Each structure stands twice: as C-alpha cells, then as structure tokens.
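> Put together the whole structure using the sequences plus the hints.
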Amino acid sequence: SQQGEEDPQALSIQEGENATMNCSYKTSINNLQWYRQNSGRGLVHLILIRSNEREKHSGRLRVTLDTSKKSSSLLITASRAADTASYFCATAPPGGTSYGKLTFGQGTILTVHP
Amino acid sequence: DARVTQTPRHKVTEMGQEVTMRCQPILGHNTVFWYRQTMMQGLELLAYFRNRAPLDDSGMPKDRFSAEMPDATLATLKIQPSEPRDSAVYFCASDGGMIRQGTQYFGPGTRLLVL
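Chains as they are written, first to last, in my numbering: chain F, 1 to 114; chain S, 1 to 115.
Please keep in mind that the hints were generated in silico from the structure rather than gathered at the bench. Please note that a few of the clues may not be correct.
Have a look at the derived ranges for each label pair, beta carbon to beta carbon [what the hints assert, rightly or not]: (1) S:Thr-38 / F:Lys-26: 42 to 52 Å; (2) S:Glu-44 / F:Pro-94: 39 to 49 Å; (3) F:Ser-28 / S:Thr-5: 29 to 39 Å; (4) S:Met-39 / F:Pro-114: 37 to 47 Å; (5) S:Asn-51 / F:Arg-41: 21 to 31 Å; (6) S:Glu-18 / F:Arg-54: 42 to 52 Å; (7) F:Arg-80 / S:Arg-3: 37 to 47 Å; (8) S:Gln-80 / F:Lys-26: 27 to 37 Å.
As the structure is a prediction and not an experimental result, all values here were calculated from the model. We treat Cβ as the ideally placed atom computed from N, Cα and C, and that holds for glycine.
Given below as structure tokens:
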C-alpha cells in the first residue's frame, strides 16, 4: 500500500502563479523525497529532505517537513508551462534491511497554463 | 551523463506469451528496483536487489513474474505467461546507496501491452 498520499490529486494554475502540493505519510521516515514525472517518462528526483530538517530550497522549489504531523509540502514558485507534470512524494524508512526502499504516493497532476 | 537504460521501450504481445524486460543500472549503483505503474494502482514496487541479491519481491505475482540480476550491469524482469492485466509501464531504477540517501534514478520505462 502507498504510504504517501498527495493532496490535491490535480492542480491547475496559470503561469507565474505558485503551486503547492502536500504529502502525508504514516510511519517514521529517514527522509522524504519529491519526484517529477513528465508524461510518458520516468520519474526524476527533485529534492530530498531529511527527517531532522524542516525546510529546504532548490531553485524555485521549497520543501517543508513536519514530522510531528507526518506531512510535507512542495512549493513551486513562479510556475512555468514546463512545470506541467505529475509530482510524487516518496518516503524512505529509517533503516535496516528496508533501507533504500521508497514508498511512493499517488501523485499530484499539475497543469500550468501559459 | 550516467543514466538507467531499459529495453525494449515498447512491447505489444499476445496473452500467454513470455515477456522479458531488461535494465542496465547506472554503473556503480548497487541497488536496483523494478516498479509497475498503472492508472488504477499508481506506482507499485515489484522487487529490488542489493549487490545482485534479491531483498524483497513481495510485490510481485510469484506464479508468473520473476526477476534476476545475472550480473551487476543487467537486471531482468520476466512475465510468463503474460496476461492482459499485466499491461502497464514497467520502470527500473537504481540508487547509489547510503551516500545518496536512497535517491533513485529511473529509466524511461517499458510500456507493455498484452492483448
């Protein structure tokens, strides 16, 4: 079963607006990652935030993590039409033999209109 | 530019036929994952290997699916016999281990259609 659940399932915005996607999870994590998938392509890693971090930035991306609420958000600022894609959160377990085994959410479909 | 490669990119076959999908992980990556993606189920982990040894294949239908790593540069996923419900996109991914904290690098996928 998928641990991460993204919200909303779909998001439609105009170019230049900000896009915020949320992810909730159920169990303890080592880190949480966000991936992007363009139509017909494989997933591409965007950003990783460790369980002891609260916020991380990478270019136009800002990720927050609240381990007490078991939730994360991905903010894309000043969106572009090229940001149109599906976005997935993935959680990595704390360790042991499951280390490296990511659990992906169902994804948020983002559409950015020019 | 290191990347994961998968072959074939597309496969159309008839029910009952054997399907073999191949993956070449990024050189030096010691963990390889097989995923299946459908509209209904999303992205499902089928199996994964570390240092060529299978660690978890609980997501894989055992009666018809098999996954192997004959060597460090090749992972295979076989379906025999194939069924229409196996139609999906199959992704291979590899990761560079703890130094990369489990960041996975995905291949382009094999789009399988079983008629």
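> Would you mind marking each hint as holding or not holding in the structure?
Status of each hint after checking the structure:
At about 22 Å, the CB distance of S:Thr-38 to F:Lys-26 disagrees with the hint of 42 to 52 Å. Distance hint check: the CB atoms of S:Glu-44 and F:Pro-94 are about 22 Å apart, inconsistent with the given range 39 to 49 Å. Against the hinted window of 29 to 39 Å, the Cβ-Cβ separation of F:Ser-28 and S:Thr-5 comes to about 34 Å, which satisfies the hint. Against the hinted window of 37 to 47 Å, the Cβ-Cβ separation of S:Met-39 and F:Pro-114 comes to about 26 Å, which falls outside the hint.
Hint check: S:Asn-51 to F:Arg-41, Cβ distance near 28 Å, so the stated range 21 to 31 Å holds. As the Cβ distance of S:Glu-18 to F:Arg-54 is approximately 50 Å, the hint placing it in 42 to 52 Å holds. The hinted window of 37 to 47 Å between F:Arg-80 and S:Arg-3 is violated, with their beta carbons roughly 24 Å apart. With their beta carbons about 35 Å apart, S:Gln-80 and F:Lys-26 fall inside the hinted range of 27 to 37 Å.
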